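Residue numbers (numbering that gives the first Met the number 0): 0 to 271.
Just so you know, these hints were derived from the structure itself, not from any lab.
Calculated lysine to any residue pairs in the SDA-like style (CA-CA distance at most 25 Å, straight line): (1) Lys-118 - His-145; (2) Lys-91 - Lys-115; (3) Lys-241 - Gly-80; (4) Lys-143 - Phe-102; (5) Lys-115 - Leu-152.
As the structure is a prediction and not an experimental result, all values here were calculated from the model.
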Amino acid sequence: MNRIDAVFARRGAQGEGRAFVAYLTAGDPDAEASLKVMQTVSECGVDILEVGIPFSDPIADGPVIQAAFGRALAAGMTVDGVFELVRKLRAKSEMALVLFTYFNPVLQYGVERFAKGAKAAGADGVLILDLPVEASSAERSIFKSHGLHWVVLVAPTTPPERARRLAEGAGGFVYYVSREGVTGERANLAEGLREKVRELKSFSPMPVCVGFGVSNRDHVREICSVADGVVVGSAIVRQVEKANASGSDPATAVKDFLVPLVHEAHNQGIVR
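All chains should be built: construct the whole structure from the sequences, respecting the hints.
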């Protein structure tokens with residue numbers, strides 16, 4: 000069984016709370032520190048880690064992740080470097096791993112070659128932010144042939160029929176973007192979240208995880224009352240940024256931030 004499927008079988012079907020999905024930029028602030036942080040999030044109980052591949056033109060990301068991409072690229076991170084980090088992490092962890100990327104690095108590397116490399120390294124899925132469903136049938140088939148799930152994004156502005164198409168073509172889970180705009184922390188979650196998630200789940204049995212703007216326990220609790228999982232990204236990356244700037248240990252900072260949030264997710268159930 001794909002590790003992503005195993006997460007939702009355990010968290011959902013067996014009633015062990017909601018899934019916690021974390022995001023980290025690979026190679027931030029450098030390869031060694033990045034691997035240590037990734038190993039730490041696994042030890043914190045994170046179910047799925049989205050491993051961000053640094054890219055020079057991250058149009059969907061806010062300033063925190065843009066800065067993380069800059070640090071990682073300046074430190075020399077490449078697609079091959081990301082695969083090496085995933086291999087090292089996989090040797091010590093069974094946490095599910097999703098490669099989170101823009102299409103350009105995949106295209107430049109070669110789609111088939113990328114899929115083979117991702118699978119060989121130990122990845123379980125891929126999320127390509129900027130590849131529309133209408134243009135992705137060949138790529139979906141390639142990744143699926145290598146046993147990798149095709150995770151999709153659905154936005155608040157996505158029309159219902161398009162959301163249905165996206166959900167039907169998804170693998171692993173559907174990532175529902177809770178609000179318009181780029182990634183980044185927010186004080187409050189968007190209105191109508193419960194209704195949007197219910198609509199998505201009426202289209203497909205695929206698990207739905209909610210992210211964008213999630214930064215505290217109250218957000219996690221609210222999302223986990225309706226969705227199958229919660230995604231936290233920029234708020235974690237900010238811990239890396241702050242620790243690196245102050246000369247302290249990013250892994251320790253991330254652990255201190257994450258543990259209560261993961262605990263919150265794992266102790267929640269969906270309120271129908």
